[in-house]
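Going letter by letter, the sequence shown gives residues 598 to 798 in the working numbering.
Because the hints were derived from the structure by calculation, they are not lab data. None of these values were measured; they are calculated from a predicted model. Hints should not be assumed to be uniformly reliable.
Here are the simulated lysine-lysine pairs, DSSO-like style, with alpha carbons at most 30 Å apart [as the list claims (entries may be wrong)]:
1. K722 - K629
2. K706 - K639
3. K756 - K629
4. K763 - K722
5. K755 - K692
6. K756 - K656
7. K629 - K644
8. K613 - K639
9. K656 - K692
10. K706 - K755
11. K753 - K656
12. K644 - K763
13. K706 - K692
14. K644 - K765
15. K613 - K763
16. K765 - K629
17. K656 - K629
Using C-beta positions, here's what the derived DEER-type ranges look like [said to hold, decoys possible]:
18. R726 - H793: 45 to 53 Å
19. E710 - E638: 39 to 47 Å
20. K656 - F762: 15 to 23 Å
21. D634 - E796: 19 to 27 Å
22. D746 - T605: 41 to 49 Å
23. P681 - E638: 22 to 30 Å
24. F762 - K692: 23 to 31 Å
25. D635 - S609: 14 to 22 Å
26. A789 - S732: 16 to 24 Å
27. Q760 - K722: 20 to 28 Å
Even for Gly, the Cβ is constructed at its ideal location relative to N, Cα and C.
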Amino acid sequence: MDSAELLTTLRSNGAKHVYNNLLLDENIFLLKQLFPDDHAEKYHQFKIAASDALNVSTKNIAIVGSSKTGYSLTPDRNFARIRPDSDIDLVVVSKELFDILWSSHLNYKNSIEQSKKYSYSDVAKNIFRHFVSVSEDDMDSSMYIHFADWINRVGKLKKILEQQFKIKTTLEYRVYDSWNYVEQYHIAGLNALMEHHNESY
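Work out the full structure: start from the sequences and follow the hints.
Here's what the structure looks like:
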């Protein structure tokens, strides 16, 4: 579905319809580009690899963002196309992992090693919305001791993706404690997208 079709569907059927029928289906733009003949099977293999590395069920893993659709759904980015260096946004739903990462952030916040660039307010805002966002780019040496388990898990997945899928792109993880909050977050984003484009419609 291209961006024009998405907007038409949003206006006709609403954000929840688009969330259920576009954002959660098995058609992953990035994998269709890399593996046109068997992209659905590759997505299944991707989720198995992520499941093994992160110790999360395959049904609780999903690629979202521009890697999913081929373009950005952030309202002010005007459906910017995916780039070769675009991050892969990965949704992970696990109450256990959410609690572990929340505790890791809290322990790091209270430690003497805390980096000056660390933004606890951003972490707190995300936790209020029931997810923890974890970026490779935000990790520095002072965080390793507190996030060692997580770093080991994602390091294992990164190695598998490079070897098995030839994917070397940075992964951005958003770990939720429930699918209800995944839906809530993305429906709010889709409504904001529609409102933004309706203003200039």
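request  = Report the numbers of all earlier hints that the structure fails to satisfy, in ascending order.
outcome  = Numbers 1, 2, 4, 15, 18, 21, 25, 27, in rising order.
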